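Here the structure of chain G is known, so what remains is to put chains Z and B in place on it, guided by the hints.
Residue numbers (my numbering), protein chains in the order written: chain G, 58 to 378; chain Z, 135 to 632; chain B, 6 to 237.
Treat the hints with care, since some could be wrong.
[Stated by the list, open to error] Among the chain B residues that face chain Z by a calculated CB cut under 7 angstroms, a handful are:
(1) Leu125
(2) Pro126
(3) Met127
(4) Leu173
(5) Ala177
(6) Thr181
(7) Met184
(8) Ile187
(9) Val188
(10) Gly191
(11) Ala193
(12) Asp195
(13) Leu197
(14) Ile210
(15) Leu222
(16) Arg224
[Claimed, not checked] Counterexamples of contact, computed for chain Z against chain B with all Cβ distances above 12 angstroms:
(17) Ala177
(18) Arg241
(19) Gly343
(20) Ala413
(21) Gln551
(22) Val599
[Stated by the list, open to error] So the derived label-pair ranges between C-beta atoms look like this:
(23) Z/Ala174 with B/Gly63: 43 to 49 angstroms
(24) Z/Thr415 with G/Val376: 23 to 29 angstroms
(25) Z/Gly581 with B/Ser100: 50 to 56 angstroms
(26) B/Ser36 with Z/Ala413: 46 to 52 angstroms
(27) Z/Ala552 with G/Pro203: 53 to 59 angstroms
(28) Z/Ala174 with B/Phe208: 36 to 42 angstroms
(29) G/Ile162 with B/Arg98: 55 to 61 angstroms
These are calculated hints, taken from the structure and not from any lab test. In this text, all values refer to a predicted model and were calculated from it rather than measured experimentally. C-beta: ideal position from N, C-alpha, C; glycine also.
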Amino acid sequence: MDATLTPSAWLLALVQALLYLALAPLMVGWVRKVKARLQNRRGASPFQPYRDLRKLLFKETRVAHTASPLFRVAPYVVFVATWVAAASVPLVTIDLPTAVVADIIVLVGLLALARVFLTLAGMDVGTAFGGMGASREMMISALAEPAMLMAVFTLAMTAHSTNLGSVIDHHLGDAFVLRPSYLFAFAGLTLVALAETGRIPVDNPSTHLELTMVHEAMLLEYSGRHLALMEWAAQIKLMLYGVLVANVFVPWGIARDLAPASLAIGLGAILLKLMALGIALALAETVLAKMRLFRVPAFLNLALLLSLLGLLSHVILEVGA
Amino acid sequence: MTALLLTLLAPLLGALLLALLRPPVAGGWLNLAISSLTLAAAAWLAWLVALDGEVAGRLVGVGFRVDAFNVYLVVLTAFVGLTTSIFSRPYMRHVRAEGRVYLGGIRVYHSMYQTFMLTMLLALTTDNLGVLWVAVEGATLATVLLVSLYRTPEAIEAAWKYFILCGVGIALALFGTVLTYFAAQHVDFRSAAQPGAGLIWSALYAHAGELDPTVMRIAFVFLLVGYGTKVGLVPMHQWLPDAHSEGPTPMSAVLSGLLLNVALYALVRFKMLVDGSLAATDSPHLAGALLMGFGLVSFMVAGLFLHRQRDIKRMFSYSSIEHMGLMTFAFGLGGPLATFGALLHMLVHSLTKSAIFVTVGHAAHIAGSQGIDKIRGLIRTQPAVGWSLLIGVAAIAGFPPFGVFTSEFLLLTATMQAQPWLTLPLLTGLAIAFAGLFRHLHPMVYGVAPEGQRPVQANLIPVAVHLGLVLWLGLAIPGFLAEWLNRATQLITGASLL
Amino acid sequence: MNLPALPLLQQLVVLLAALVLFLSFVLLAQSRLVSAIHAFAWQGALVAAVTAVVALTGDSHHLYFSAGLTLVLKALLIPWMLHRQVRRLELERHSETLQRPALAIMAAVGLVIFSSWLVLPMVAEELTFTRNIVAISLAVVLIGFLMMVVRQQAVAQVLGFMSIENGLFLAAVSATGGMPLIVELGVAFDVLVAMVLFGVFFFQIRESIDSLDVDRLNRLSETADVAVEDRP
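Extracted from the complex, chain G is given alone in its bound form (with noise of 0.2 angstroms):
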């Protein structure tokens, strides 16, 4: 990989890691806008979310008297751990520099920090739904980390790499192949990732309905730019859950070297993939209730079962010695 050291490349890394921050709310836009209209609501432009975080970045910011030091870190923190993470995953290209730290597991870990500090966050202030939310949120990410880990180790079996670029890069090297590992890890996938983004069936993100909200009842003690940067950090994670399926599970048209024809066929691939992904979600959405949460954890043990299974049939009818 020296060629990719060279600065142009250098480059294009810093211009992917700011793409994610530029699309991520357009995504959620799109997403609001797909439901909406599946609602039969004209629903407002995709570009909404831009405005709304505008709006608060520039509103002052207010923090409880009760709060801690801790409390002002935590967006700046979530954010950046959120960003960084985001950044690892290749989006367009899996030649550069940054693919070399795309370590799934240290994705994992960047996210597990983030999550650590939204949740002391939520608890620092020390109202009852700051408490209630990081306690669920615990309780969901506690049960969906194994099961993404498994998801991801499936994979990381094929490629014989935890490098999320060699990982793609495997899979665009095999002709067609039909893998029941690959199937069961993305159905666990797909169901870790609504966990984690707190979409239906776990949470419901357009509501602050006080008994069942979970990532909401964090920030209620948030405000403008804090709460800027933590919708924003929301954003950018669902996005990165979203490119992180469409690029492993259908890797097809991501560039693997860097001349401009084929990077530009990477990032229309890219869009497509991801506005497919967000009507399904938001047909998903449509279709499906929010389960009580109490179900959680059946809904996640399905999610831990299917990457077990794709583990499982990975080692018995693929490998098979």
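Okay, now just chains Z and B, sitting in the frame of chain G:
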């Protein structure tokens, strides 16, 4: 071939006819007639086999092959089927008179009786391992409704247990059969120009050495657990006492006397294949060792359970488990002497046990209960039934001069030759079983008869015939039978005893 | 074995077999009876699909017939019969409370590992593809057993029984290219008769203990001192 066709066709048509027959009163007689016809056809078949050594052919796309080993069981099956049907006619009339069975139940009973005979004969005569499985499963399906015939909660529970346990067990046997077929995939069956030769027993046996030993080893474990459930090997025996005690008594007689034999027959056939396949590996006696282990455990455990029974039919079903364990052990031991003994034991056990169940049916009728502590003083109330029970139990416990003694003596001798230290558990087991049987038997036969206990109309001809035969076999085995068993032994072990 | 080296149709067989295994897990954990019947029907349809694909790859034409047979019997007829019986027994809304579902699932995962371990010694260069499918079918069979142990409801136990049969069919088709037709017909006939008898038993059990919870069938056992003398 005609003889074989007739042997199978008689119960098939009988089952259909009995299912359609409106007034079920005549069912008992028709059942008897069909059973006699089957026995006649089976005898003819045996005669043909005695002349040619083997009868083989194909009917509706299924290969059949009758040799000395299975024709002997065919005749035994048809014979016990006939004598039990003699007993079953008055018994079912009595049960009907008591109102324990609804009218349609009698029709179901007779029709299923013949269906059961058909599946038994089909399992014995077929050369196709898949059809063997289908027939053994069919036997479960045919008898399961009979076990629940009385519709009491206990009967339904027993039938459900029987259905589930045997159904599941036999599913494992099918898995083993599939694995056998799998192991035969790379065998070149040039000699057998039949489709699906990998399931034809004779073709497999001819090429046993070429079967993949690893696959056969795994397959045999499944087959042992699968067919072993049907044999009643411990710990898969749970269904057996329940099904025997809750079903009609003639059913218990044929289950114990025939079904268990046929399942064991299947195991022995598979053992022959596995032995051939494993001959060149480092564990050539794996199948035998497994059979010996399961057999010995069943033998000992069933003997211990005999002591704590409170239901007379349950007690004798444990005795069946004990004897099947002994036979399984003997077939596992291998060698001409043990195999000869096991074959003889199969014969005398079937005869004695069905005679005992018939007697028990009468005894329960006299006492109005199957509880051991309710049956008292049979010899005073009805000497014929009392003596039959006493002689039957003496025979099954292995008293000289009955045939069971002869076969058990042969088995002990064979054990002493091959595995001397195993003689000790065998003798202990025999003693335990003996004590268990007699401790319950004594008060039943000699105890004080309760007030108002009356003799019943009993038909003890089948009992007398069976016990007479067992006595004869104990005193002297007729030459033709010895020659016959010897030929079967030769087929199984490859060596001749006489 | 290397999966990419296999022809596409055989990859499809592997994929379908893995899905059959997944449905076994669904059956095991599904507490709603009607949904479990649907899962069973899907499993039957998948086994039929495997049969059809194997028929496409090979030259044994009778496999098309047995694919159709499996589809009609396992995916349509038996689920329909079960459905009808469930309706007549008024169990449509019945949902069983499973004892420790996570433990059952983990046990099932253990069974999958066990079956793959069991077939490991079957080593032969050309056999790897079928050997792995044998492992999957064995796992389906064993999970069927587990289901019969874990579930107390008679209908659910029958579903377990029938999914054992599905595993056997899968083994027969994918490992050996199908059993001879006459045997398959016999097995199918046995399964059908068994289903009819199960139907009879549902009603007999209900009449007898007023429930289909077979754990309450406990009158006969070696430990229970049931008064045998009360019975004639």
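These are the hints, each one checked on the structure:
Checking B/Leu125 against chain Z: minimum C-beta separation of about 10 angstroms lies over 7 angstroms; hint violated. With a least beta-carbon distance of about 5 angstroms to chain Z, the hint placing B/Pro126 at the interface is held under the 7 angstroms criterion. Interface restraint check: B/Met127 against chain Z, minimum CB-CB distance 5 angstroms, threshold 7 angstroms, status holds. At a threshold of 7 angstroms, the smallest CB-CB gap from B/Leu173 to chain Z is about 5 angstroms, leaving the interface hint in force.
Because the closest C-beta pair between B/Ala177 and chain Z is about 5 angstroms apart, less than 7 angstroms, the hint holds. For B/Thr181, the interface hint holds, since its Cβ comes within 7 angstroms of a Cβ in chain Z; the closest pair sits about 5 angstroms apart. Taken as an interface hint, B/Met184 checks out: its beta carbon lies about 6 angstroms from the nearest beta carbon of chain Z, inside 7 angstroms. Restraint check, B/Ile187 versus chain Z: the minimum CB separation of about 5 angstroms is within 7 angstroms; hint holds.
At a threshold of 7 angstroms, the smallest CB-CB gap from B/Val188 to chain Z is about 3 angstroms, leaving the interface hint in force. With its C-beta approaching chain Z no nearer than about 3 angstroms, B/Gly191 sits inside the 7 angstroms limit, and its interface hint holds. Because the smallest distance between the Cβ of B/Ala193 and any Cβ of chain Z comes to about 10 angstroms, over 7 angstroms, the interface hint for this residue is violated. Of the supplied interface hints, the one on B/Asp195 holds, with its beta-carbon coming within about 5 angstroms of a beta-carbon of chain Z, less than 7 angstroms.
For B/Leu197, the interface hint is violated, since its Cβ never comes within 7 angstroms of a Cβ in chain Z; the closest pair sits about 10 angstroms apart. Among the interface hints, the one on B/Ile210 holds; its C-beta lies about 6 angstroms from the nearest C-beta in chain Z, closer than the 7 angstroms criterion. Taking 7 angstroms as the C-beta cut-off, the interface hint given for B/Leu222 holds, the closest approach to chain Z being about 4 angstroms. The interface hint given for B/Arg224 holds, since its Cβ lies 5 angstroms from the closest Cβ of chain Z, which is under the 7 angstroms cut-off.
At roughly 28 angstroms, the least C-beta separation between Z/Ala177 and chain B is larger than 12 angstroms, which holds for a residue marked as non-interface. No beta-carbon of chain B is positioned within 12 angstroms of the beta-carbon of Z/Arg241; the least distance is around 15 angstroms. No beta-carbon of chain B is positioned within 12 angstroms of the beta-carbon of Z/Gly343; the least distance is around 16 angstroms. Listed as outside the interface, Z/Ala413 is consistent with that label: its C-beta sits roughly 18 angstroms from the nearest C-beta of chain B, beyond the 12 angstroms cut-off.
Every Cβ of chain B is farther than 12 angstroms from the Cβ of Z/Gln551; the closest lies at roughly 34 angstroms, confirming the non-interface assignment. For Z/Val599, the shortest C-beta to C-beta distance to chain B comes to about 28 angstroms, beyond the 12 angstroms cut-off, and the non-interface label holds. Evaluation of the 43 to 49 angstroms hint for Z/Ala174 and B/Gly63 yields a pass: the beta carbon distance comes to about 46 angstroms. Taking the beta carbon of each, Z/Thr415 and G/Val376 are about 27 angstroms apart, inside 23 to 29 angstroms as hinted.
One distance hint, 50 to 56 angstroms for the beta-carbon pair Z/Gly581 and B/Ser100, holds here, with the actual separation near 54 angstroms. For the pair B/Ser36 and Z/Ala413, the beta carbons lie near 51 angstroms from each other, so the given range of 46 to 52 angstroms is met. Checked against the given bound of 53 to 59 angstroms, the beta carbons of Z/Ala552 and G/Pro203, roughly 55 angstroms apart, stay inside it. For the hinted restraint 36 to 42 angstroms between Z/Ala174 and B/Phe208, the CB-CB distance of approximately 41 angstroms keeps it satisfied.
For the pair G/Ile162 and B/Arg98, the supplied restraint of 55 to 61 angstroms is violated, since their beta-carbon distance comes to about 46 angstroms.
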